Each structure stands twice: as structure tokens, then as C-alpha cells.
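S.K.: The lines below spell out each chain.
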Amino acid sequence: MNAALETRGLCRSFGALAVASDIDFRLEPGARHALIGPNGAGKTTFVNLVTGVLAPSAGRILLDGDDVTQLPQAQRVKRGLARTFQINTLFRGLSVLENVSLAIAERRGVAGDMHRRTGSRREVVDEAYASLERLGLAAEAQRPVREISYGRQRLVELAVSLGLNPNVLLLDEPAAGVPSTESGIIVDVIESLPADIALLIIEHDMDLVFRLARRITVLVQGAVLIAGTPQEIAADPRVREVYLGERVRS
Amino acid sequence: MSDALARRAEPAVEALLRSHRFRAWEALPWLAAAAAFFVFPDYLALGSQILINILFALSLDLILGYAGIVTLGHAAFFGAGAYTAGLLAAHGWGEPLSGLVVAALVSGLLGLVSGAIILRTRALTLLMLTLVIAVMVQEAANKAGSITGGADGLQGMNVAPVLDLFRFDLYGRVAYLYSLAVLFLAWLAARRLVHSPFGRSLTGIRENEARMHAIGSPVFRRRLTIYVIAAALAGIAGALLAQTTQFVALEVLSFERSGAVLIMLILGGVGRLYGAFLGVPLYMILQDRFAQADPVYWDFWIGLLLIIVVMARSGALRAAWRTARRRWSGR
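Residue numbers (the numbering used here), protein chains in the order written: chain A, 517 to 766; chain B, 164 to 494.
It is possible that some hints are incorrect.
[Stated by the list, open to error] Computed beta-carbon distance windows for the label pairs: (1) A:530 to B:275: 34 to 40 Å; (2) A:524 to B:347: 58 to 64 Å; (3) B:205 to A:658: 47 to 53 Å; (4) B:295 to A:693: 37 to 43 Å; (5) A:591 to B:258: 44 to 50 Å; (6) A:571 to B:488: 30 to 36 Å; (7) B:414 to A:658: 46 to 52 Å; (8) A:658 to B:200: 39 to 45 Å; (9) A:636 to B:475: 36 to 42 Å.
Simulated from the structure, these hints should not be mistaken for lab results.
Here the structure is a predicted model, which means the values were calculated and not measured.
Backbone N, C-alpha and C fix where the C-beta goes; we use that ideal spot for every residue, glycine too.
Assemble the whole structure, with the sequences as input and the hints as a guide.
M.R.: Next comes the structure, spelled out in C-alpha cells:
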């Protein structure tokens, strides 16, 4: 069976600094996989390489067995790859409902229409609203994103990506910057995502990682240190050294 | 289940679906323009200039206000349209409506060719390239003096009556109504466009380009499309100027014109489609008044007004006022 997402020998350097070196990675269909590592380990770079924001210096990226290394971002999205951002990357002046509607319109291929077809437009907005209801955001549907709390914006960040009906969803620190009182809602949403979406969660919060992930990859200085089950990772002395050492310093 | 959801009328859904409906205040500019025709019969020449500049500013709003493309070279398209219509009329093709269409095509093509190159860049680079394109077009028109008339301007235009019925008159009545009719149709089209899914995706690009890429939007193609449409509209504005004044000067391609339309739009407000209707009359009427009161320094007063408007809009004016009051009461 093809991996939902696979990288082979993925490399990227900025000058002499290798931020991704020879990363072999497999994300199985329906996976709940976490990518962890100390600050500056290259986790977000990895997401940017996989999604096409950055071009790799070497290596290949495969989605469901197809090589997408040369495809632009938009084409990878069309093949079911979606991401969220570590720092909210939203349409701040637009309403919550319209933020999600934009993504749904793109997915349905109607976003380039120059005249408003009433029927298709209604389908898009209805779907967006239903999605907000599922995520508990319906009450804020009409409010501009910039006016709602950061924690609620994190949910919108998720809602926009979910509007793309992805097969593979990369979550870049989904609860970053959210007070613990609100992060529970985000974790609940992630836990309730359809089982057939392959999830890769990039996270610092170990409680969250061990709660969500069934498999963990540890990235250190742009290279894979180890991959395994949460138990294996927790027991590995190298991980403890790298990770706990880093935590004590910070 | 989705059918049940669709049938329940959610206020948020209905509000978003209704956002394109006409509002009563949108009739105001048209009532004002119609009233001006009767109230100021001696100012119809200025009136036509205002209407033409509104169309020009409207085209700029499409790219600046909706797609977030800042340009200092929008006059290139205005001028290309003016020369196209002018050359047609000077060489025996005086029918004005087809002149507008050809002008739109020429300017649109110029937008397509230049946009395909420069829209790959961003921010300051893009700004400089828009300026460079406009300077190049103006210099080309200057050098091709045997065709364009160069610095002397293009003369000998002979524009036929509109629809074979309405001959351009000395008082500028036909020019005014012709410009008004074209502006109205262009506004309807622009309005339709910005409320279409395509228009909303442009707003998305302005609000957050990175996210538009991440939701699979072909951002470059969308930006290029609106750039071409705006160029074509600017070309129609330029063609209107040529046809109603029966003359084309190199000034139609000038940096001053690119800068002035930007100022007019910012005065009226960007990204709302009515900014052009507010800013252009304000700027041009004030310019007319200031120039009579103070022929040498009228630019200064326009500049001062712009500073006040921009500061007021960014909230800087209120902040400055508060600081001043605090300092004052502190002493």
C-alpha cells in the first residue's frame, strides 16, 4: 500500500546550514503521527518542503505514490495535501464564515468564477457553515477573524484547512500560543477528525503529543534521529538527552 | 443531512449570500451626476474629466484595493487606450464605441504582456517595475513622433457621433452623458466582478497571499487576470478622454497621471469601489478651486489635505491629538 505521504532523501540547505538532511519519512493512510524535536530542528522547514513553499535541494516527495516534487503548492493541495500554520495565517479582515468559504470554493473549483452562480455559491457557504457548526464556531460565523480571540482563531485555522477535505493534513503546532483553558477544545477537534485523514502533528507540547500520536518521529538538526511508537520514543536515551537537555536549557 | 441544513435559513449564511445586493446609497453618485448635468451646465467639461478619472480610479481600485497590487504606472494603460482611440479617429475610424473596444483590447494586451513579467515580483520590486513599464511606454510614444505627434500631441482626430445619433457638441453635453453612460456600465461590471467568487478570492489574496497558496489557489493567474481587466478598463477611460477632447497629449502616459490617480483613490478610500466616486470629484474640484485661488501653490493644499486624510484614516490624527493634549495639560 502506498504511503499517504512519503519523502525520500529530502535535503535542503540555506548556504552552509543544512536545515533538512536526507530525510526519509513515511506517513501511512489514516496515521496519527507526531513530528517532534528541539527548536530549530527543521520541523517547519520540513512542512514547507512537503507543501511546496520551499524547493528541496535534493530528494523526492510522494503523495499516495505519485512524485509531486516539481508541482507547485496549489497542485499539491488539489491532490489532497493541506496544512495549518504555526502562526495564524488567516484572512483577518474577512468573516469566519468567509474564511472557510474561500477554501471550500477553491476545493470545489468554483473560486475562479467571474459571475456569481447562485446555486453553487449557496452550496459553498452552506458547507462552510455546517463545518463551523461541527467545530463550535457557528456563533462567531459573521465576525471578522481579527476580532475573535487567538484561541478561536486557532480553530478557524483548522477549519480553513479542513474545508479542503484533505487526505493528508499537516498541523504545525496546532495549539501554539493558546492558553491551556482553550487548548482542550483544539485537541478534542483533532481527536475527532475522520479516521481516514493521515495526520502529521508538529508539536512542542509533550502531553499533547502523547495523547494524540500513535507514532513519533524525532527530528534533530534537520535529520531524523529516531522514529517509533510513543513508548519506544519515551524510553530512548538519545531522545531524553536531546529533548530534556533542550528543555532544561530553555 | 446536508439538504436539511441547506433549508434551514441561517442568518450568517443568508447575510453572506446577500452581500452583493444593491444598497440605496449606491444610487447617490448617479443622482449627483445627473443633477450636475442640469445644475452646472457651464462645468460639463470639468464634469466629463471627473467621470473619466473616476473610471480610471475605479480600474486602479480593482488591482490595488482588491488584489493588493500597488502600481505607479497605471497611466501606461490609460495612455495606451487614449492613443489607440486617438489614432483610430485620426485615420478615418471615428466610430466611438468600437474605438473603446479596440482601446480596451490594446490596453488589456499591454497589461497581459507586462503583467506576465512583473507580477512574478512583489512589493518594492513590483512597484519599481510598474513605474519602469510606464516610463518606457511614454518614451516610446515620444520617440514615435511621426505616429503619435510626440510632444506636440496627436491632432486631426475626427470622432463620429455616438450611435450615429449624438454629435459631440461645443458645450460638452454629449461628452458628459457619453462618459457617464460608459462609467455606469463599467461600474456595473466591476461591481459584479468584485462580488463574484473570483473577486472574493482576490480579496483573499490581498488579505493573506500565503494562505491562498495553501488552500490551492492559482494566485499568479488570478492576479494576472485582474491586472488585464484593470488595464482594459483604464484603456477605456483613456479612450474616452481622447474621444471627448479630440486630442491626445503625451501627458496621458505621464508619471503625474499615475501618481494623481493613486492619490485620488486613496483620498476616497481603497477596496470599496466607491472610493473612486468620492476621491476623484473631491480632488478635481478642490484642484479647480485651489488653482483659481492660488495658481502657484495649489499642489501644496492638495498635499496637506492628503496628509490629513491618510493620518485620519490610520488613526494617527487622533493619537497625535491625544499626545498633544497630554503634553499641554502636563505643563
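S.K.: Could you run down the list of hints and mark each one as holding or not?
M.R.: Here is what the structure says about each hint:
Remark: the range hint 34 to 40 Å for residue 530 of chain A to residue 275 of chain B is upheld by a beta-carbon distance near 35 Å. Checked against the given bound of 58 to 64 Å, the beta carbons of residue 524 of chain A and residue 347 of chain B, roughly 60 Å apart, stay inside it. At roughly 49 Å, the beta-carbon separation of residue 205 of chain B and residue 658 of chain A lies within the given 47 to 53 Å, and the hint holds. The beta-carbon spacing between residue 295 of chain B and residue 693 of chain A, approximately 42 Å, falls within the hinted interval of 37 to 43 Å.
Against the hinted window of 44 to 50 Å, the Cβ-Cβ separation of residue 591 of chain A and residue 258 of chain B comes to about 46 Å, which satisfies the hint. The given range of 30 to 36 Å is broken by residue 571 of chain A and residue 488 of chain B, whose C-beta atoms sit roughly 54 Å from each other. Range check, residue 414 of chain B to residue 658 of chain A: about 47 Å between beta-carbon atoms, so the 46 to 52 Å window is met. At roughly 41 Å, the beta carbons of residue 658 of chain A and residue 200 of chain B sit within the given window of 39 to 45 Å.
Between residue 636 of chain A and residue 475 of chain B the beta carbons are some 41 Å apart, a value that agrees with the proposed interval 36 to 42 Å.
When the structure is compared with the earlier hints, a violation turns up for hint 6 alone.
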